[in-house]
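Heads up: the protein sequence lines correspond to chains F and P, in order.
The numbering of the first sequence is the working numbering, which starts it at 1 and goes up by one.
The numbering of the second sequence is the working numbering, which starts it at 1001 and goes up by one.
What the hints contain is simulated information worked out from the structure, not anything from laboratory work.
It cannot be assumed that every hint is accurate.
As the list claims (entries may be wrong) - As a list, the in silico DSS-like pairs of lysine-lysine whose alpha-carbon atoms are at most 30 Å apart:
#1 F/K187 with P/K1108
#2 F/K92 with F/K108
#3 F/K92 with F/K124
#4 P/K1092 with P/K1124
#5 F/K108 with P/K1108
#6 F/K124 with F/K108
There are 2 protein chains.
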Amino acid sequence: MTYCVGMVLDRGLVLMSDTRTNSGVDNISVFRKMFRWHNPGERVIALMTAGNLATTQAVISHLEERTKAPDNRHNSLLELPTMFQVAAEVGKLLQQTVQDTQERNGAKGSGRFSASIILAGQIKGMEPRLFLIYPEGNFIEASFDTPFFQIGETKYGRPILIRGYDRDMSFEDAVKLLTVSFDSTLKANLSVGLPLDLLVLERDNFQPLHERRIEQNDPYYEAISSSWSDALRSAFHSLPDYTFYQPKVK
Amino acid sequence: MTYCVGMVLDRGLVLMSDTRTNSGVDNISVFRKMFRWHNPGERVIALMTAGNLATTQAVISHLEERTKAPDNRHNSLLELPTMFQVAAEVGKLLQQTVQDTQERNGAKGSGRFSASIILAGQIKGMEPRLFLIYPEGNFIEASFDTPFFQIGETKYGRPILIRGYDRDMSFEDAVKLLTVSFDSTLKANLSVGLPLDLLVLERDNFQPLHERRIEQNDPYYEAISSSWSDALRSAFHSLPDYTFYQPKVK
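So here's chain F without its partners, still in its complex pose (with noise of 0.2 Å):
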């Protein structure tokens, strides 16, 4: 399984993502699932994958033209006019890998190749943009609305995005709430794991502004999970008492 978040805020993109892949629960490997490519001072475009290894693989080498030889390979994310194109590019390289490997396979094929993917980034003169891509190629954007997409192992880590997301909070709070979120997931569900990728997109910085490891051992990790129980129990102590003989309703 995976984790991966990608999150709008006014002041730009902030991406997370685990590195733990699965076959079975006795076969697990660590890797990369953020991808990031720029243009100094004209684009940055970032990738997060969930879903079958092999399918994200071969997406992210079509779009990097690994398949071609090495004289011939230009990077068609660098290219594409607007993020919506690119996230057209992504979208249809994705749906024909997984329709390539299905039909290979059958019946027997149905869904297990099946892979989706976060596509965040900026292109000079325009906004900052974060998309959702299904298996299936189509693709919703992020809006003021549902400002941040989760691929992979959503449910855990989504009730704390749902109540600590702020559209005007600083990059370090988001990362601070994505450490939670994905603590969260991690101490439920052995199929996400260290080490993490964080990737922080400044509006209009057409580099990445941080963009780190987090490995096992991480000191503000382990401060955040260790902290977290603490500020949780105190929490929950500060809300009102149940007591079981309440005022009827009504």
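Using the hints provided, position chain P relative to the given structure of chain F.
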């Protein structure tokens, strides 16, 4: 969907369930998913159900023998000598009901009529016990290491349970914890909805200590729901701040 939680405390057992059933998103109803029986001074038994409603209602009817004429009915739950045998009986009925319906429907029926059950109770002279019964009729019992079970839409509400649970907490704190867990789930998933049913079974008190339906506009539920947002935000802000310029790990 559904959300039900049963937990074992030193003091006894606490159960909470929602009441929303849905067939698609446009056919939503309220059905009780929590059932309890007691023989004062001798035993108290409660069930919570998740899954196919026709299956779970059939199981409950068979347990109460509502399938027989009124004169011939006797409730098997009130006659079996141990909670283990009660769990086995409920499991057998559940497995048979699921299997019968699936067989009648052939390949199309696979999985669609499935259900699972949380069983809680105490019989005089024995400990309070909590079981999770699978559609296959087998079951597991809660233990010191795994002192609560969830069925249905379990993920959203799990992180707070993991962090908030304490074996020696008061019944009032347990209800508060469950209320927060349900509120997190309701906020994230339309298929879980108010009203909620609450049941508190005190150790060696062979009748319900507290039993209540938490309706729409319940003042306690509303107080928890709104103050939890604030408490969570304060907890969040009490955490150490992230900074882009951290000392390197190792």
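Evaluated hints:
no.: 1; hint: F/K187 with P/K1108; in the structure: 37 Å, violated
no.: 2; hint: F/K92 with F/K108; in the structure: 23 Å, holds
no.: 3; hint: F/K92 with F/K124; in the structure: 24 Å, holds
no.: 4; hint: P/K1092 with P/K1124; in the structure: 24 Å, holds
no.: 5; hint: F/K108 with P/K1108; in the structure: 17 Å, holds
no.: 6; hint: F/K124 with F/K108; in the structure: 45 Å, violated
In this structure, the earlier hints numbered 1, 6 are contradicted, and the remaining ones agree with it.
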